[in-house]
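Chains A and B are the protein sequences, given in the same order.
For reference, each letter of the first sequence is one residue, going 567 to 889 in the numbering used here.
For reference, each letter of the second sequence is one residue, going 567 to 889 in the numbering used here.
Treat each hint with caution, since some may be false.
What follows is a list of derived Cβ distance ranges for each label pair [said to hold, decoys possible]:
no. : chain 1 : residue 1 : chain 2 : residue 2 : range
1   : B       : D651      : A       : K654      : 27 to 37 angstroms
2   : A       : K631      : B       : R879      : 56 to 66 angstroms
3   : B       : R633      : A       : P843      : 17 to 27 angstroms
4   : A       : T650      : B       : Q615      : 22 to 32 angstroms
Taking lysine to any residue and the SDA-like style, the derived pairs with C-alpha atoms no more than 20 angstroms apart in a straight line are [said to hold, decoys possible]:
no. : chain 1 : residue 1 : chain 2 : residue 2
5   : B       : K654      : A       : R665
6   : B       : K654      : A       : R671
7   : A       : K731      : B       : A846
8   : A       : K731      : B       : Q657
Worth flagging that the hints you see were computed from the coordinates, not collected in a lab.
All of these numbers come straight from a predicted model, not from anything done at the bench.
C-beta atoms are modelled at their ideal positions from N, C-alpha and C, and glycine is treated no differently.
Number of protein chains: 2
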Amino acid sequence: MKVLILGGGGMVGQKLARHLAAKGLNGTSVDLTLHDIAFPPDAIPGAAQKTGNLAEPGQMEALAKDRYDVIFHLASIVSGEAETDFDKGWQVNMFPTWRLLEALRSEHEATGGSYVPRLVFTSSIAVFGGPYPDQIIDTFFCAPQTSYGAQKAICETMISDFSRKGFVDGLSIRLPTICVRPGKANLAASSFFSGIIREPLNGKDAILPVPDTVRHWHASPRSAVGFLVHAAGLDTRRLEGRRALNLPGVSCTVAEQIEALRRVAGEDVVARIKPQPDPAIQKIVAGWPRDFAPERAIALGFTAEQSFEEIIRVYIEDDLKPV
Amino acid sequence: MKVLILGGGGMVGQKLARHLAAKGLNGTSVDLTLHDIAFPPDAIPGAAQKTGNLAEPGQMEALAKDRYDVIFHLASIVSGEAETDFDKGWQVNMFPTWRLLEALRSEHEATGGSYVPRLVFTSSIAVFGGPYPDQIIDTFFCAPQTSYGAQKAICETMISDFSRKGFVDGLSIRLPTICVRPGKANLAASSFFSGIIREPLNGKDAILPVPDTVRHWHASPRSAVGFLVHAAGLDTRRLEGRRALNLPGVSCTVAEQIEALRRVAGEDVVARIKPQPDPAIQKIVAGWPRDFAPERAIALGFTAEQSFEEIIRVYIEDDLKPV
Numbered sequence: 567m568k569v570l571i572l573g574g575g576g577m578v579g580q581k582l583a584r585h586l587a588a589k590g591l592n593g594t595s596v597d598l599t600l601h602d603i604a605f606p607p608d609a610i611p612g613a614a615q616k617t618g619n620l621a622e623p624g625q626m627e628a629l630a631k632d633r634y635d636v637i638f639h640l641a642s643i644v645s646g647e648a649e650t651d652f653d654k655g656w657q658v659n660m661f662p663t664w665r666l667l668e669a670l671r672s673e674h675e676a677t678g679g680s681y682v683p684r685l686v687f688t689s690s691i692a693v694f695g696g697p698y699p700d701q702i703i704d705t706f707f708c709a710p711q712t713s714y715g716a717q718k719a720i721c722e723t724m725i726s727d728f729s730r731k732g733f734v735d736g737l738s739i740r741l742p743t744i745c746v747r748p749g750k751a752n753l754a755a756s757s758f759f760s761g762i763i764r765e766p767l768n769g770k771d772a773i774l775p776v777p778d779t780v781r782h783w784h785a786s787p788r789s790a791v792g793f794l795v796h797a798a799g800l801d802t803r804r805l806e807g808r809r810a811l812n813l814p815g816v817s818c819t820v821a822e823q824i825e826a827l828r829r830v831a832g833e834d835v836v837a838r839i840k841p842q843p844d845p846a847i848q849k850i851v852a853g854w855p856r857d858f859a860p861e862r863a864i865a866l867g868f869t870a871e872q873s874f875e876e877i878i879r880v881y882i883e884d885d886l887k888p889v
Numbered sequence: 567m568k569v570l571i572l573g574g575g576g577m578v579g580q581k582l583a584r585h586l587a588a589k590g591l592n593g594t595s596v597d598l599t600l601h602d603i604a605f606p607p608d609a610i611p612g613a614a615q616k617t618g619n620l621a622e623p624g625q626m627e628a629l630a631k632d633r634y635d636v637i638f639h640l641a642s643i644v645s646g647e648a649e650t651d652f653d654k655g656w657q658v659n660m661f662p663t664w665r666l667l668e669a670l671r672s673e674h675e676a677t678g679g680s681y682v683p684r685l686v687f688t689s690s691i692a693v694f695g696g697p698y699p700d701q702i703i704d705t706f707f708c709a710p711q712t713s714y715g716a717q718k719a720i721c722e723t724m725i726s727d728f729s730r731k732g733f734v735d736g737l738s739i740r741l742p743t744i745c746v747r748p749g750k751a752n753l754a755a756s757s758f759f760s761g762i763i764r765e766p767l768n769g770k771d772a773i774l775p776v777p778d779t780v781r782h783w784h785a786s787p788r789s790a791v792g793f794l795v796h797a798a799g800l801d802t803r804r805l806e807g808r809r810a811l812n813l814p815g816v817s818c819t820v821a822e823q824i825e826a827l828r829r830v831a832g833e834d835v836v837a838r839i840k841p842q843p844d845p846a847i848q849k850i851v852a853g854w855p856r857d858f859a860p861e862r863a864i865a866l867g868f869t870a871e872q873s874f875e876e877i878i879r880v881y882i883e884d885d886l887k888p889v
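Modelling step: build the complete structure from the supplied sequences, incorporating the hints.
Here it is in structure tokens:
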């Protein structure tokens, strides 16, 4: 099975690639290609790397000609960057998806309709905008309050329509905020959610820019890989034309996150979290969803952690380097 | 006040233009320009006509340079045509809106940010897809089941984001099915809703392709003009970042429409409606919304008819030629 990961050099892309290279995709071995603008130094054995900028015309068209069976589309710039660089946000986060869909449709037509690739698109809970109900239900509307969220919502709608017409077989999965991210902080405003767990566990201080009453929606990188793999194997007829899904996750406050860290790692580790209010980040975070009732995704078999403590333990198992 | 109507040659565009030429816009006289691919033979006094294809690159950019204060964007191909001609649907119903927004943003930046035009976009209840609740509430999600609906939903999202950034001051109004349309049947699958009233009132037979139990959501062309004028004058801060609105209308079954026609025009007129089931149209119509609870739009002062009988009387007053 030919599999392509767009954004294969990123954190989730790399974890997905390692999973697929080791275990295949839902029981089938894969011929794996990663595409990204750059890759980490350690290449994944069994995964071909293609370096390129998906925003350049011709990139998506060239990739489509290879007729992958499954395409994971994880490539985007993060919310903070899409907000500060308006042009880049649309040119990276929207137009390449359109060109990909058009190029896949060309291949579909060139094969007389027999080529219909599975396309799994990583959308985001940023498609939503406040004010929110206590829990966001599956039929709650998209009113994004960031360009990143708008671009994700638009890609979802394009993918749904190309799928409805039978040119591709796509679905969009709205990832919770993925936490605990390994490695360094990134430009996303949500970066501190990982930072306040990761840095203390690695013996470093972490800044907490928001009050500990902030509630948010999380799943681990391991769950993200699980979501993607499950989406690739899903019988999409079960979606009944509603091809964007809110995924399961853990709703908790920052105080609950810190308590979970205390239980797992002790008081000395928690003491490394330093409150330092940042009004700019507080304003952004105030507009984010806090809780979901993702009944459809659960019924379709998507699973995540049951508690934030479990999310921390996943980080320790999968990513924390022994000191 | 400089006003542009994109799609100014269409039925609603022409009615809006006549209204603005006669009465101005919310008390201010207008310098009115209409743009469309073609116009009816009788030009509207006081309205300049520009003939052009908005899907051609350069058209939107040239129009934007004239820095209109208010732009009504009514231009699109109808649902049936967007479904049968996939390429044309996207090239007419989506990309020109993107180019318009980008061109308006250029003018905004060229004026150091002082030029922020009001943009009123006619969206549609086709942004929704079934199954539906009994009444669609204002926070019900968009899951379009036609390319037309997908294109409208995407334009809404773009307009909201450009507005959030302050480049334009836009809003999208989701028109009910406009009924009774004067003139000839068009390519829209909804055309019969007008036909079964208009043709009998003009002494002609009309085909009814669906069971009379079909329920749908309507407003008159006069209400459509009222919606557009009201949207142009609205204080958009009241939208609180949710710039797409479900509008008021009348929910009724075809049987209720026919009863209303009987009350207004008598049994002989109703006898001109000839049931002739059409499975293709029935299938399309089965996916359409039936009723709304448009609380936000009503609170914002949008108004429509209270009954289908009133809709018929509006047609007789505004459009029925004396025999």
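Evaluation of the provided hints:
For D651/B and K654/A, the Cβ-Cβ distance of about 32 angstroms falls inside the hinted range of 27 to 37 angstroms, so the restraint holds. Between K631/A and R879/B the C-beta distance comes to about 60 angstroms, which sits within the given range of 56 to 66 angstroms. Distance hint check: the CB atoms of R633/B and P843/A are about 43 angstroms apart, inconsistent with the given range 17 to 27 angstroms. The hinted window of 22 to 32 angstroms between T650/A and Q615/B is violated, with their beta carbons roughly 42 angstroms apart.
Restraint check: the Cα-Cα separation between K654/B and R665/A comes to about 16 angstroms, which is no more than 20 angstroms; the hinted pair holds. With a CA separation close to 15 angstroms, the supplied pair K654/B and R671/A stays within the 20 angstroms bound. For the hint linking K731/A to A846/B, the alpha-carbon distance of about 16 angstroms falls within 20 angstroms, and the restraint holds. A threshold of 20 angstroms between alpha carbons decides the hint, and for K731/A with Q657/B the separation of about 17 angstroms falls inside it, so the pair holds.
Violated hints, in rising order: 3, 4; the structure is consistent with all others.
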